[in-house]
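Engineer: Hey, can you work out the whole structure from these sequences and the hints?
Protein sequences, first through last, are from chains R and C.
Quick note: the first sequence, position 75, residue 75 per the working numbering, numbers continuous.
Quick note: the second sequence, position 14, residue 14 per the working numbering, numbers continuous.
Just so you know, the hints here were simulated from the structure itself, not pulled from any lab data.
Where hints are given, some of them may not hold.
Short derived list, chain R residues pointing at chain C, Cβ under 8 angstroms [claimed, not checked]:
1) Leu-45
2) Val-48
3) Pro-83
4) Leu-90
5) Phe-104
6) Ser-106
7) Gly-107
8) Arg-109
Idealized CB from N, CA, C, for every residue including glycine.
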Amino acid sequence: ETGVTQTPRHLVMGMTNKKSLKCEQHLGHNAMYWYKQSAKKPLELMFVYNFKEQTENNSVPSRFSPECPNSSHLFLHLHTLQPEDSALYLCASSQGQGVVGYTFGSGTRLTVV
Amino acid sequence: AQSVTQLGSHVSVSEGALVLLRCNYSSSVPPYLFWYVQYPNQGLQLLLKYTSAATLVKGINGFEAEFKKSETSFHLTKPSAHMSDAAEYFCAVSDTGRGSARQLTFGSGTQLTVLP
Chain R
1 ETGVTQTPRH LVMGMTNKKS LKCEQHLGHN AMYWYKQSAK KPLELMFVYN
51 FKEQTENNSV PSRFSPECPN SSHLFLHLHT LQPEDSALYL CASSQGQGVV
101 GYTFGSGTRL TVV
Chain C
1 AQSVTQLGSH VSVSEGALVL LRCNYSSSVP PYLFWYVQYP NQGLQLLLKY
51 TSAATLVKGI NGFEAEFKKS ETSFHLTKPS AHMSDAAEYF CAVSDTGRGS
101 ARQLTFGSGT QLTVLP
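Structural biologist: Now the structure itself:
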């Protein structure tokens, strides 16, 4: 247990479904991140939130919709995904002013069928 | 903008042999550098970090890395590999922050295989 909890761990969804990924941290961090990790590709930063405000959107398609209701919770809402969106989705948090690096969750393995 | 290059996407060593994973960085400001390890179907775990103090940084599981400014390198080493070290390793560089959320840029990873 790293202090960052992601649910569910595995998700299979059809292309017409709507689902949400959840991330929760109780480390007192102020920044939270979504990363996509696909096979044989580098980690892709998707979204950054700092004190609940979105500070980065790395040209992510609109079928991915983040939500950060408070500094401890981060969601990724999914709708009308494509098979190429199948990947491991990682959430991370950090203390934005410090240099301790990120704390990662264990990820959600998403399969789009 | 900063970037990280990890030389060698796959490295194989024998159990008990030296582990050397290479990382070179590019940064327009003094960097903060990190090594992370990822086991199958897990998130990334911090191994060690360089934050402009000692250039030789010791981390968990017997790993260490040396920051060499002249070579823009931050290679990861371990004197004697163990079977449990088999995993994927990521080098990352961070901007030094200006009050906003710090962002890490990751390398493409090196898969370490340990042979019996």
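Engineer: If any of the earlier hints don't hold here, list their numbers in rising order.
Structural biologist: 3
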